[in-house]
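Undergrad: Residue numbers (numbering that gives the first Met the number 0), protein chains in the order written: chain G, 0 to 362; chain V, 0 to 362; chain B, 0 to 362; chain D, 0 to 362.
Treat the hints with caution; some may be incorrect.
Which copy is meant is left open, so a pair is good if it fits within one copy or across any two.
Said to hold, decoys possible - Keeping only pairs whose Cα atoms sit at most 20 angstroms apart, straight-line, the calculated DMTMM-like set for lysine to aspartate or glutamate is: (1) Lys-172 / Glu-272; (2) Lys-204 / Glu-323; (3) Lys-361 / Glu-323; (4) Lys-327 / Asp-199; (5) Lys-53 / Glu-323; (6) Lys-270 / Asp-316.
In short, the hints are calculated from the structure, not lab data.
4 protein chains.
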Amino acid sequence: MAGNTFGQAFRITTFGESHGAAIGVIIDGCPAGLEIDPDFIQSELDKRKPGQSKITTQRKESDTVQILSGIFEGRSTGTPIAMLIPNEDQRSKDYSHNENTFRPSHADFTYQTKYGIRDHRGGGRSSARETAARVAAGAVAKLLLQAQGIEILASVTSVGKMNAPEVKIENAKDFLRIREENIVRCAEPETAAKMIDYIDDIRKKGDTVGGKISCTILNCPVGLGEPVFDKLHADLGKAMLSINAVHGFEYGSGFAGSEMLGSEHNDIFRKDEKGNIQTLTNNSGGIQGGISNGMPITFKVAFKPVATIMQNQETVDAEGNAAEIKGKGRHDPCVVPRAVPIVEAMAALVLADLWLRNFGAKL
Amino acid sequence: MAGNTFGQAFRITTFGESHGAAIGVIIDGCPAGLEIDPDFIQSELDKRKPGQSKITTQRKESDTVQILSGIFEGRSTGTPIAMLIPNEDQRSKDYSHNENTFRPSHADFTYQTKYGIRDHRGGGRSSARETAARVAAGAVAKLLLQAQGIEILASVTSVGKMNAPEVKIENAKDFLRIREENIVRCAEPETAAKMIDYIDDIRKKGDTVGGKISCTILNCPVGLGEPVFDKLHADLGKAMLSINAVHGFEYGSGFAGSEMLGSEHNDIFRKDEKGNIQTLTNNSGGIQGGISNGMPITFKVAFKPVATIMQNQETVDAEGNAAEIKGKGRHDPCVVPRAVPIVEAMAALVLADLWLRNFGAKL
Amino acid sequence: MAGNTFGQAFRITTFGESHGAAIGVIIDGCPAGLEIDPDFIQSELDKRKPGQSKITTQRKESDTVQILSGIFEGRSTGTPIAMLIPNEDQRSKDYSHNENTFRPSHADFTYQTKYGIRDHRGGGRSSARETAARVAAGAVAKLLLQAQGIEILASVTSVGKMNAPEVKIENAKDFLRIREENIVRCAEPETAAKMIDYIDDIRKKGDTVGGKISCTILNCPVGLGEPVFDKLHADLGKAMLSINAVHGFEYGSGFAGSEMLGSEHNDIFRKDEKGNIQTLTNNSGGIQGGISNGMPITFKVAFKPVATIMQNQETVDAEGNAAEIKGKGRHDPCVVPRAVPIVEAMAALVLADLWLRNFGAKL
Amino acid sequence: MAGNTFGQAFRITTFGESHGAAIGVIIDGCPAGLEIDPDFIQSELDKRKPGQSKITTQRKESDTVQILSGIFEGRSTGTPIAMLIPNEDQRSKDYSHNENTFRPSHADFTYQTKYGIRDHRGGGRSSARETAARVAAGAVAKLLLQAQGIEILASVTSVGKMNAPEVKIENAKDFLRIREENIVRCAEPETAAKMIDYIDDIRKKGDTVGGKISCTILNCPVGLGEPVFDKLHADLGKAMLSINAVHGFEYGSGFAGSEMLGSEHNDIFRKDEKGNIQTLTNNSGGIQGGISNGMPITFKVAFKPVATIMQNQETVDAEGNAAEIKGKGRHDPCVVPRAVPIVEAMAALVLADLWLRNFGAKL
């Protein structure tokens, strides 16, 4: 029972290997009548695509999306939306080295053992290339949410031990403009410059480094989340943890909250000037009892360093014999700059799904 | 579309409110022929039940489980296993205070707004009392896994800012014996004693405190996890985040791993003396590409402090008018001691589900 | 992967064996705020319960339903509704004869072979007793639909080769009154009397006979059904075929329609006096492209004769040795009178599910 | 919540409109290591493709399948198998007549009302063209089943009121050879010739006619089917009813069985010479209690006449005004010859799904 479907009401199924003919996605459950701008989908993919800067992999993929179904005269019809992204710049011969040898901290060993067969080229299905399909689907989910005024805003807040100061988000447009002005996608320009230099330095050493992405969701109404299992933060957590290289997820006060007293941590309710019930603090991260409470939703995602390093490493081959392996192919020294649109896409998919489950499929 | 079902192959659905007639669970998908000892299920519930020590709530519930179906002459029949836990010691009148007033950092406000109606007594469905049903179901999942030699071992490793030193697990039996010898369920006796004093002190002040639970799973074979969405750690993360009061989840190197270099973080493969492929380090937390790799599976869960404190707090009523509220009812000063069996139960449910999805339902 | 859950948005999971402690059901997804009258649920169960007349089994079960959760002050809260029906009049010793011998055309052989273990008493899980849980859940679905004006009206139209003339349904109330005035639940009194005599005659001979139930659904709006797989009639078909003893399902023109020409079969659209688009004929059975078209939905269900007969039959035992078996226990000579509420319940469950999937969960 | 996914363990999701860029399917859950011959998939599609004979539509589609993922060096890898069938011979201008007018007994009216927008060209998503994707997926399911010795054998047994005599199936190969020797896919050559003449005559009159397909599944082991809802015949019924134009389904004794006595209908168990438990008769259609019993599985499917006729018909336009419409485009006078591979494909999908649910995903 493979697990390539995500969501219940806004449901996506992805397919494709890193070095196969194409990757793609079917969205089933997008409400009818939604205006869908293919350029917006493409612009989201462009933020994730390889080769976009000196601190990302140099693999050349235009990641041009083809929409095959489900849209008629610019609007969704309520039928499945299939999108295809052909692979263009495979260099499969770069991958003969891992055909019979297991790269450390990659999925070569587990896929081989679980399935008894694997497409080793570029990591096959386990490659983060699959996430392009998620970004395409997430773009459609974003369009659905934007029509409700909801904004999903992620940025890089840590690279290795280097942390950005917290940025107050005045509005979505400015936040995104500032973030996109630097190639590391940090919302604070000074730290961004330092992060870029640091990653470039790591890259030159043939090493890699981890990092963290923070995300804030604005204007989410009260009511998203389906307890007791499909709590909003539980679905967000699963979504984030399903992204390649993610090792941790926290929302609201997160791990730090576990060190606090209840008297410090509780968020006091107040009626604001517009008559809405709000909380004075937001340790709840916009979620109480697994349901959005109308405050900004906040969470953070931790990414481990990319496993492919351009250094010799010990390992074993398929028979368990000692072997040595060195990274080949073209890889990212740090995954977080390109992961920002993936985090946003997965958040959009969760919210679109819970939106439809709560408010129904009629736009 | 409510979300009270968890799992696909080993699938549970829970029901019940804190102050209703009963809570319970149906397990659908338990393989036929499994020996099921009702005493083991009860012993797991006893670890979660209220009133077990001075540092837990004093609500008196025997949490006696009734098995209604699915078991014949001591073995599962492959049909649904329904289990019922009657509520006994409700004191619903303790809850008139939150009928029209929203307790800070509780689910009163979000449930009321989402559903337009709520059973306010004891938090109704949003109460952690619901997790007793999970523990009962998790006990059956544990029996399935124990028959395969798999052990799930959780313990309290932090209370507030107080952390236990890391304990090496020699074997499951000893670990559990030591853990159960103290009421806080810490696997290191000296820290346990300090934690108990600290929680008791917090309790006397009418305050509460958060904490962390760490979990290690031994003897899990290679192959559990269904990429790309139902990765083992993504399902574990969702399971943990669905537990009341959880604000964070990390596995393997976790958040700390995001500060590391690839050259430090990668787990080198080696063949051990028995001919099995192992890794020298375990930053992967026993999971690579979303699939178990045969090493111990390790993860950590962060719990916020319990929201009910015995102090006056500002809030609003259902009309948004300013109000004051003080905790009533009987509550835990720190949730982690009783959450240990819940963490284990949810981990067992995830593993049983992925076991069946990978290996099939024939015992 | 057991299959004891039905529906996606209005989702039920049933449990229980014929001679276990109880049978029951959890409804997950019932919208909040629905008025739920327990007496109505009980009255539906009373139509299905054994011992209600001379032409049904004489097993004495009051089938008293207990509602355990999900309802607060007479209305649904949006949380799971659990209902329990204790078993009262088991006579398990009546079933020693099939412990090691397979009753012809029963599920003894297939359950034993599939699961390797079975609760043989009264057929265990394969007993039609399980359908009481469906009727309880279907009653809640009916309340949801009745609030929208939808009426589900089934009746016995054939017993063996004896067929009732087609009855024009003027209104739901009269239809149900006439139907309930006879114990065979035929909507045409003269035929009903003959059917009753016929069944009673069959019963005295220790034999059984099959029959058919027809169902009409009034006032269903346009739009229910989720192509391409979850078409309204496909979901109805699965629902009906999942009822014990059902061997056939047809809707609209059904099997007879396959003998017609397109020019005869097509339903011409017309605007009626109220401005609604209707069809002149209804060979489509109220469903086009898998979606309700606003016309009455019509379908028919064929039930085989009950397998338990009070006559000696050849069979084999668990080792395959030739054996002889004679029906014991208390059984129905013809299942259709008691199956009428089951057909209605399953239809209600399908419609409630598709209603929520199309219109959302807000009442 | 759209319904374009079928199956749980062997799960397909289809997409595409009649006159869009392409139709296609993703299979999620195909076990790893299955040999997959693209030529076999194509040969199945060829049996369904338009333009294959004088009694089918003359639309020219090569229906050439492209496999995009999930197969490596001729074998499945356990990852999603995506297949694409580009549309080639759309004549969308043929469909201006139904842009604002509802064709009788088509899905124009229901789609327009449900979704508020529709791709009217060629019926869009409601076109039977979508079933090509099912046939491609079904071919993979057949390969899985054939590796277990299971054969699915459908043929046309009725066209209008013309019925073929029952044919005894000696072996799969001969059955298929005889069936494929005539363009109506009847397994009895003499009747086939008469059916062809009859359909051709109907075609010349601009009319259409319905028909029936019978199917027998050989060598299915005991154990497929997951009660109480996912019974083998319930899943088969839903699968068949989800095919365009199907109005009825019966298995085993079917509707005729409802006219029989229990003493006539019961299938007596016997041990055969190989020691297997068999039944003397097969009124159960190979299924007891919803689980395959090892006997041939038999069912029958009724198709209404194609709704598009080349005759003037009254109807209404989008505003409900009276209008007249005449069939345009290229259509089948009788759908059953081309539906034979669709019936087989859907049966294969059901069996593959239940196979995996019972026996697990390891080949």
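Undergrad: Of the hints stated earlier, which fail here?
TA: Failing hints, ascending: 1, 3, 5.
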